Structure formats: C-alpha cells, structure tokens
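Undergrad: So the sequences go chain by chain: A, B and C.
Per the numbering used here, residue 1 is the first one in the first sequence, and the count goes up by one each step.
Per the numbering used here, residue 1001 is the first one in the second sequence, and the count goes up by one each step.
Per the numbering used here, residue 2001 is the first one in the third sequence, and the count goes up by one each step.
Calculated directly from the structure, the hints in this document are not laboratory data.
There could be a bad hint or two in this list.
Here are the simulated DSBU-like cross-link-like pairs (lysine-lysine), alpha carbons at most 30 Å apart as the crow flies [as the list claims (entries may be wrong)]:
{"id": "1", "chain 1": "B", "residue 1": "Lys1260", "chain 2": "A", "residue 2": "Lys203"}
{"id": "2", "chain 1": "B", "residue 1": "Lys1203", "chain 2": "C", "residue 2": "Lys2260"}
{"id": "3", "chain 1": "B", "residue 1": "Lys1227", "chain 2": "B", "residue 2": "Lys1203"}
{"id": "4", "chain 1": "A", "residue 1": "Lys260", "chain 2": "C", "residue 2": "Lys2203"}
{"id": "5", "chain 1": "A", "residue 1": "Lys196", "chain 2": "A", "residue 2": "Lys227"}
{"id": "6", "chain 1": "B", "residue 1": "Lys1203", "chain 2": "B", "residue 2": "Lys1149"}
{"id": "7", "chain 1": "C", "residue 1": "Lys2260", "chain 2": "C", "residue 2": "Lys2203"}
{"id": "8", "chain 1": "A", "residue 1": "Lys260", "chain 2": "A", "residue 2": "Lys196"}
{"id": "9", "chain 1": "C", "residue 1": "Lys2227", "chain 2": "C", "residue 2": "Lys2196"}
No experiment lies behind these values; they were computed from the predicted model shown.
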Amino acid sequence: MPIESIFATPLIDHHCHGVSPAELDWTQFQALFSESYRPPPPGTNEFQKPLGLAIRAFCAPVLDLEPHVSGEAYVERRLRLGAAEVNRRLMRASGLDCLIVDTGHRSNAIHTFEETGDLAGRPAHEVVRIEAILEEVAASGVSAEGFAKAFTDRLTERARDAVGLKSIVAYRCTFAIPQTAPTAADVATAAGAWLKQARTEGKYRVTDPTIIRHGLWVGAEICRARKFPMQLHVGFGDPDISMHACDPTHFTAFIAEMEKWEVPITLLHNWPFLKEAQWLSEIFQNVYYDAGVILNYGAAESERILREALQVGKFQKFLYSSDAFGLSELYYLGALLFRRALRRILDGWIADGYCSAKDADEMVELVALANSRRIYPGIKEAQ
Amino acid sequence: MPIESIFATPLIDHHCHGVSPAELDWTQFQALFSESYRPPPPGTNEFQKPLGLAIRAFCAPVLDLEPHVSGEAYVERRLRLGAAEVNRRLMRASGLDCLIVDTGHRSNAIHTFEETGDLAGRPAHEVVRIEAILEEVAASGVSAEGFAKAFTDRLTERARDAVGLKSIVAYRCTFAIPQTAPTAADVATAAGAWLKQARTEGKYRVTDPTIIRHGLWVGAEICRARKFPMQLHVGFGDPDISMHACDPTHFTAFIAEMEKWEVPITLLHNWPFLKEAQWLSEIFQNVYYDAGVILNYGAAESERILREALQVGKFQKFLYSSDAFGLSELYYLGALLFRRALRRILDGWIADGYCSAKDADEMVELVALANSRRIYPGIKEAQ
Amino acid sequence: MPIESIFATPLIDHHCHGVSPAELDWTQFQALFSESYRPPPPGTNEFQKPLGLAIRAFCAPVLDLEPHVSGEAYVERRLRLGAAEVNRRLMRASGLDCLIVDTGHRSNAIHTFEETGDLAGRPAHEVVRIEAILEEVAASGVSAEGFAKAFTDRLTERARDAVGLKSIVAYRCTFAIPQTAPTAADVATAAGAWLKQARTEGKYRVTDPTIIRHGLWVGAEICRARKFPMQLHVGFGDPDISMHACDPTHFTAFIAEMEKWEVPITLLHNWPFLKEAQWLSEIFQNVYYDAGVILNYGAAESERILREALQVGKFQKFLYSSDAFGLSELYYLGALLFRRALRRILDGWIADGYCSAKDADEMVELVALANSRRIYPGIKEAQ
C-alpha cells in the first residue's frame, strides 16, 4: 500500500502559532477552539460542532481516554495530566518535520516558537507578522515623519532570522483596497493621524489602509531580497473579518506585482474561497495556498473540504498547515485530519484510474515537504 | 440502529408558508415549484429538474401511484384525489412536531397558518413579516409624518401572538446597505416619497432602504422585548434577488448589533452562501441558520448540500425548515429529504469514527426540536 | 444497463475552439494546458495538477502508451506520431455529434473550424466573437463617427453563416458595469478615444465598457432576429479576469432584458459560480449553462464538480462543452470526463431511488443533444 506514505511522511506545518502553557478549565478550553468573542448560547457548548466531536474522538485516546468521552471528562483529564504533559503528547504525536510559526498574535499568552518546536521535538522557524511590527513601532514613541523609516529598520531587523513574512491585511482593511505602494507623504500623513489617535486611546491597532499598504510594500522588498514568501491571511477568522471583501481575487493587482518580483505569495486558510485560491495558483507562477484551520473546523467533512481544495489546484503549489493556536489538540488534529483526508482522496483517485500509486506518493512528498522546502529557503532539511 | 432516531423524531419546521387549497392543473402545479416568473421554454417542463424528479419519485406513492410516474399522470391523479385529500395525506406524512409559518407572502392564495397546521394535525405558529406590515400601513391612508408611529403600533399589535418576526430586506434592497437605525426625520422624508409614488401607482411595494431599515430596527426592539428571533431571508429566491449582494456577510454590522441585544437572528435558506452562514453561526452567539428550500430544489444532491451546510457549523445553531409554499409536496419532501440526507451523513460520521451513535442521536434532537424550542419561546412542547 | 446511453450518445460540443496543427515540444505542450502567462515555478511542471494526471492516464492509451506514463514520455510519443495523427486519433475518439466553434481567439495559431470538424469527422459550426469583430473593425481604419455602423454591418455579415454569437465582456470589463445600450453619441465618443489610443499603440484591444456594451446590444439584435443564442464567458480563465466581478449575477439586468427578447443566453464554464449559473437557469426562461473547461481542469474531481453543476439546475437548460483550445487532448478528455462523471451521478441517483433508468436516459439525451438542438437552430441533425 504505497499510499501509506501519507502516514510515514512527516509534515511541514508551514503556518501555525504557539502552544498555550496554561492549565485550561472548561470555559477557557472551549474559548480556544472558537472564533467567537462570546461563549456559545446558554445551554450549549463548543463541543457541539464538528471540531468538538473530533477532539473527543481522536485526541481523547492520546490522553488515555476512550474515544467519544464527554467534553467535561476530556477537560477534566486534561487538567489532571497537566498542560505540559498534554502538549508534549499531542505535539509529539503530530508527526511533524518542522514548524513555521507566526509570532505576531497574542504572543504573551503562548509558548515561544522555539518552545513550541521543543514540545514537538522538531525544529521551529519564525514568520514575522507585518502588522505586529507596525504596531510595535507605533507604540515606541516614534514621530509621524520618522515612522516609515523606523518601521523599515525594525522589520528588516526582525526578519533577519525569519523564514518569511505574513500580513493580515484582509483582517484589518479587507483586500478591496488600492494595491500600489503609497507615497512617503501619504504614509507620513496617515501615520500622523494614527499615532495621534492611538496615543489618545492608548491602543495601537493598525487598520489604516495606507499604513498597511506601506507595511506590505516594505515587506515585499524584504521578501524579494531574501527570496522568501509573504503569507497572506484569507477568509475564515473571527468577527473582525468582512468576509465578502476577503475574497483573494480582490488582491490580484498586488499578487501580480509580486509575480514580477518573484516573491512567493502563500494564501492561508482560504475557506470559503478555496476555489478562488486554486485559480490564483493556476494563473500566477508565485501563488501557493493551503487549507489551514478549516480542516480542523470541518473535521468529519474534512475529506470533502480537502477535495474542494484540490479540485483544480496545482500539487506543486499546495502546502500543509494547521493554523493551530494555543491548543496542542489543534496541531495534532490538523495533521491527522489532513493525512486521513488525503489518503482517502488519493486512494479514490488510484481506484478510479486517475493516477498511479507512484503518482500519489509523489503528490504526498510535494505537499508534505517538498513544496515548503522549495519556497522557504530558511528551513533546513531536518534530521 | 440508534440513528433511526431521525425518522422517529418529529421535526419543527421553523420556516414555512401556507398550503394552497386550489385544484391545480398542469400549468398551475408547475408554477408552484418554480422560482421563475415565466414558464419553462416551449417543449420543456418543470419536472425536468431535480425537484421534479423527487416529486415523481417520493410523492407519487403517497397518492397511490408508482414511483417515477410521469408528471402528467401525477398531476392528473392529484386532481382526481382533490387538493384537500392530497394536502391532508402529504402534510400528515411529513412527521412534523409543529409549524412556524410566515404569513406575509401571497396570503390570500393559501390556507391560513392555523388551517395549514390542521392539515398536518399539528400546532402552527405565526411569524410576522416586517415588510408586509410596512406595506399594509402605507396602504392604510396614513400620513408621512404619522407613518413611523403607525407602523410601530401595528407591528407591535400584529406581533402580539406571533413567535418571531421576519425580514426580506435581502430581496428588497440587498444586504449591501447602511445598517444603522435611520433618524425619524429620514424616515418621514422617505415615507413621504414612497407614499406619494405608491398612491399614484396604486401599488404599495416597499423597496426604500430607509423605510426597510426603520422596519428592521422597530422589529428588533420587539424581538428584544419579546426575546424571540428575527428571521432573515438569505440567497435563493425569485428574479427580484441581486444574488451577489445577498451574501449575509454584507449584513455583519446589523447582526453584531443584534448580538449585543441578545436577539437571535435566524438566517434562512442561505444557498449559495451556506459557508458564509455557518461562519456567522461560529462567530456570533446569536446567529442560527437553516438550509430551507434548497434541499427540495437539490433533491438527488440534497445529501451533498446538507453536508456543505454542516461542514463547520454549530449543531446547536442549525434548524430545520422546508420553506414550503403552496404545494403540500414541498412540506413532505422537505422533511423526507432532510431526514434521508441527515441519516446518511451521520451514519458516515459514525462509520468513520468521528462521532458515536449517541452523539448522532443528540445532534438529531438538537436540529429537529431542541434548537427551535430554545430560541422560539412562544412554541410550546406539543403532545 | 440503460445508463450506458451516456457512452452510446454522441455529444454536441456547444463551445470549443480550434485544434493546433503544431508539433509541440515539452514547453509548448504544457503552455497549452495552462491558464498562466508564465511557466510553472522552476523544478515543477504542468503535469503536477489534476489535468496533467488525466492526460497521462487517459490520453496516453490513445497514443498506444501505458496509462500513467511520464509527461516526458507522453510529449515524446506525441512528437513521434506527429500532430496530424495525434489530433485525428483523439478527435475521432471523442464521440462528438458536432462542434460549435468560437473562432475569435488566436485564430491564426489553430485550425479553422471546418478543419477542426474534419479532424473529428463531424460537422462544425461557427460562433462569432463580438469583441473580435469590434477589434477587427477598429483596426480597419474606420472613423469614430463611422464605427458604430461599420461594426453593425460587419457583425451582421460575419454572423450570416454562424449559429450564435459570443461575448467575453466578463474578461474585458467584468459583469459589474451598466447594462443598458449606450447612446450613439456615447459610442462615438468612446470610439474616438479608443481609436486614437489604439492607433498610437498599434494595438486594438477593446476594454472600454461603452464599446463593449454597444457590441452586446448590436449582437443582441442579431440574436433576436436570427433566434440563436448569445454565449457569455463566465468565471475561470487567464489572469485578465477580475474573478470577484465575474459573478454572472452582476449581469442580471442584461439577462432579464434578453429574456424579454427571447434570446437564449448560454453561460459558459461558470466555475466558481456554478451555483449562481444554476440559479439563473431556474429563474430566467432564456438562461442555459455548461461546465466547460472545468471538468478538464478538475479531472479526478470532475464527478464532484459536475454534481455541483447539476445540484439544482434544470436538465433542459444544461449543455455539454469542452471549451477545448489547441490540444486535441482537451476535446477528448472533455467528452470522456463528462461521460464518466454523468454516468456515476445518474447511476447513483437511480440506486438511491431519485429517478428511473428511463429518466436517466432522457436526461442524457437532453444534455448531450436535445438542448443544443433546441436553441441552436443553425445546427442540423448530423448523420
């Protein structure tokens, strides 16, 4: 059964976050597998969705429980074992080659990327989030005139040991914005307005499209020089998203410019725009994509979601990611559901005569390892 | 086989309309299972689509015919049995717990909601359509200045015995509109323009976004006070729809405000925005959704449509509805196709280890009964 | 097994282009099954996607190779046999009734429509592309004032022996444009600006919405008079597309006008808007649709794509097309994948009781032949 290669091949998780070290109670645990700002309605809980079923079905045995134990029993067992042991077990069981970690989201609540790698017993690499650096620089006391240069300097410095950059422009101002680089004067004006407001409010959250476009274009220069990717968040996320304007085909002009610069763009998540992301991977040489986070949320339907993600897409452009944040369950499930789904899909393709077992093995190698190695030069082949 | 619970559990049809008492000929019968203003092209008929196949396959035996009889034979038999007998048979066979009926659409062509319930032998409850009341008040001879108060009074009165309100804002001006409450002055101005035009034309059809926003916000106050849902039409419908602007994520601002007010929003139909509706159910505590009407139109592919509807959605947020109007066939098929599809999906989830049979039974209980009972306090548990 | 009718029934390919007579090397062959302006990234190739697998799996045996031979071996064999023999084999094996050929795209690189038909041993008919005629007339030296009439005369003349017209308005200015007929003055002004720029640049590429709307409405008059269809490109295509604005529901106003004129509109390709296209086929008497090109690109997932295309759509409105251009492989695969997918879907519908075998045969007859014969009066029943 050559298609067993899916389970024998370690995965590069090209987009994830850090693991939480906290001992999580019933409410805290649920909050970490929800995209909502609020708890579920009274009388209900987060286990009442596909992802909740999958935690009970597949993570429970890793914690020595029967599959399908109640959510309450699961959380109780998790507390009894302790977060350190739970995280070690689930991360080791994920079968990863290495982790590429976005360090720009609630980093004070989670392990560092190196610690997260250690839990998995595998190397971890950093991706720097452009918006986090914009906010860090804004909060540093810089002047409006000095903002652009201070940001460039700081991003360049922070990117030194990174393997890529990431932008959440889709979250902060959608993709339906002008996509050219702003002028220096425009950046200074926008920075002035933002800094004034932020200092009044004491809150440095960047949403101004001019500032973010500046971040993107400075980031693009770094990606070009370093020959590494810019990751773009697409689609699924928390209530900050204006979903209809997060269709990545709104960002075609920027992506096309990056093609000229030979900067790989990796489109993250993409649900519900999986078809659009595939089309972009077909038409632009520099576009890569994954189905991160949504295989976890889809769980029992993850095979069908992955089928949609592979419908017309280029295998040499598709990447694995979990987009896990906080819960080690999400790294483990991400890898498990991806492998289960891909095995079923490829077994079916072979049975129906669309490809050979050897073809299937080559596709596994591409999506598990080779594609990420090709575009992230900073990750070394791990032992 | 615990999953047989799907067929043993009565369904709350949380969104439907009244049944037609008319004796329907070949042309009239077809018109009631089409969303078109025109008949199908010469040489074709409405049976040449999935819904037409399903009527011939599954409704025919209820009328003592062989499955797959011709459309002509079906209509002939229907006329011979008489509408009263056909409606009684199909409604009784639907296995409903109770019906929640929108009384605001072509109500003079159909049975009242009480009569529709009687045909099914089950209780029926009313949902009041905001736009119908706006039009009723406009046609009553009210002045532009008096419109706002007259509407509030009338909607409050009409809502007294209702279990929820409904808006078809997506039909009348799309979701891509400002979503704040309009000022009293703006409402009076808009009412003046509308009433003038309507009195000239003798046609009181509301399409003005200011008037409809007024209706929504007055309705929202009532929903908040009464602690019952506001239903919103989404997606699939007749040629009045500008589909691209009926993506419910255009209405995020209003939905988010209703979350603060703790007003449940039930998104109806949702095709082709089933993914978007699920995402809204994930991120907003107050969002519920269904896949009404489209399982009927999808018929042979209803299992795949329901799979898409359940891909990442919260089971404690998903509701059953038929969205049936006029034909008792549509209530029967709605319930049958929903049960068939859900059984296949849950059987598969159990077989693949994603959930236990007990989990599946609990999901059936939630979507069939418990979710609607939780959010519609006006429906009493029926005997 | 009546459902074998799918393989026994010849297909009308209602939308394709001409076959390339060239001897294609490794690079040239790949370029003809890609929508990109650039080659795939270094170290990868176009065979690493579903369509590449399908060529190796299903076209290889027609060239006397084993299924799943390497892409390199396939191209080598293709060169050894020679394009003429390869094209003859693949086109004959496609099992077509007749071909309806768009002659407006890179026509100097491919066989004429008559030659393409001859390769298949079947009749071929022409569809004239409106934008190609706009550009031909612009390049003829006409004045701005004379443009409108010269275009009308030329399109009328070119349409004389055609069986339909086609527009690629979605490519050139998206569907999100005004949809009324422009005034003569507006056309003259727009023609003046375009002609001036085109003569300066020596490049006659039409993108001005006013000019294209003029082309559409003149074309519509011809379609009305001749009682034949206007084809509209929708969705999937090369980097010229702004995908989010190619949702055909943006073009509802024009389509609704054409319904009044009784002009059939055939929506081509439609991916990722297959659901939207089906909805338009449900609500408008004059709307037809296909899933051309995307079954080829989807290949191993073509069954699921066709399922989505048939989810709620009217069988009497669905057409077969390959959208093949250049490679005879694409005509052959288009027909093969369509037949394989449709057989699986209909076999499943029969097994699940949704339709009878006789129903399935009738659906095959409709989508393979009868629907195209009904709306393209210029195609005669072939021997």
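Undergrad: Now look at each hint and say whether the structure bears it out.
TA: Hint by hint, here is what the structure shows:
no.: 1; hint: B/Lys1260 x A/Lys203; in the structure: 23 Å, holds
no.: 2; hint: B/Lys1203 x C/Lys2260; in the structure: 23 Å, holds
no.: 3; hint: B/Lys1227 x B/Lys1203; in the structure: 34 Å, violated
no.: 4; hint: A/Lys260 x C/Lys2203; in the structure: 23 Å, holds
no.: 5; hint: A/Lys196 x A/Lys227; in the structure: 36 Å, violated
no.: 6; hint: B/Lys1203 x B/Lys1149; in the structure: 21 Å, holds
no.: 7; hint: C/Lys2260 x C/Lys2203; in the structure: 37 Å, violated
no.: 8; hint: A/Lys260 x A/Lys196; in the structure: 37 Å, violated
no.: 9; hint: C/Lys2227 x C/Lys2196; in the structure: 36 Å, violated
The structure fails hints 3, 5, 7, 8 and 9 (numbered hints given earlier, in ascending order).
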